[in-house]
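*Asks:* Just so you know, the protein sequences line up as chains L and Z, in that order. Each residue of the first sequence is one higher than the one before, counting from 90 in our numbering. Each residue of the second sequence is one higher than the one before, counting from 602 in our numbering.
Honestly, the hints are just simulated from the structure, not real lab data. Predicted, not measured: the structure shown is a model, and the values here were computed from it. Treat each hint with caution, since some may be false.
What the hints assert, rightly or not - Below, in silico cross-link-like pairs of lysine-lysine (BS3-like), each with a Cα-Cα straight-line distance of 25 Å or less:
| id | chain 1 | residue 1 | chain 2 | residue 2 |
| --- | --- | --- | --- | --- |
| 1 | Z | LYS661 | L | LYS115 |
| 2 | Z | LYS650 | Z | LYS678 |
| 3 | Z | LYS650 | L | LYS115 |
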Amino acid sequence: DAGVTQSPTHLIKTRGQQVTLRCSPKSGHDTVSWYQQALGQGPQFIFQYYEEEERQRGNFPDRFSGHQFPNYSSELNVNALLLGDSALYLCASSFELLYGYTFGSGTRLTVV
Amino acid sequence: GDSVTQMEGPVTLSEEAFLTINCTYTATGYPSLFWYVQYPGEGLQLLLKATKADDKGSNKGFEATYRKETTSFHLEKGSVQVSDSAVYFCALPAGAGSYQLTFGKGTKLSVIP
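Bound conformation, chain L alone (with noise of 0.2 Å):
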């Protein structure tokens, strides 16, 4: 039973530019969340999919947003890249919040 996949593992792009980032959620799991970890820190949360609706956001900017696809699979957009967006983006797949998330291994996001 595949976990949650995310792709790509690592991309570096220039600043002002925008990038994509994908997740598959686990089998069975039909909610994705998506978290902001920078370096030496905990993840902050961006914002919850459910039934292709953003159910909740986070205090990030417009500049993030995202999408759900009928297979319940997810993409975090980030546009006009800061250098301070520079960190792992993780994505999180749940049925049940009380059961905790499941995570993947994460998004290494390098802007330059």
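Based on the hints, put chain Z in the right spot on chain L.
*Replies:* What follows is chain Z alone, placed relative to chain L:
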């Protein structure tokens, strides 16, 4: 919103030593509480959880008891191994009905032979 305060590291222990990582929470009501572990270069893995007061979560020799009297959820292990070297995060939902997990800043544990 609800929050957790986690002891700061890094923590360095010798193999077979006893481990305690403190976590206290601030919340309205009695939320579920979680410990996650992040091994070097990897994402987060759920280590253990507790869903109500006095529950004890356990996994891989780690334990944590949900104590409402002290609003704590301290992580313990009786005898750590080199393979336990990782960053440990305490977490809870951001608020009643919230789908967001709020994490502590993490505690880096290094176990030396």
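*Asks:* All hints are to be evaluated individually against the structure, with a verdict given for each.
*Replies:* Hint by hint, here is what the structure shows:
| no. | hint | result |
| --- | --- | --- |
| 1 | Z:LYS661 / L:LYS115 | holds, 22 Å |
| 2 | Z:LYS650 / Z:LYS678 | holds, 15 Å |
| 3 | Z:LYS650 / L:LYS115 | holds, 19 Å |
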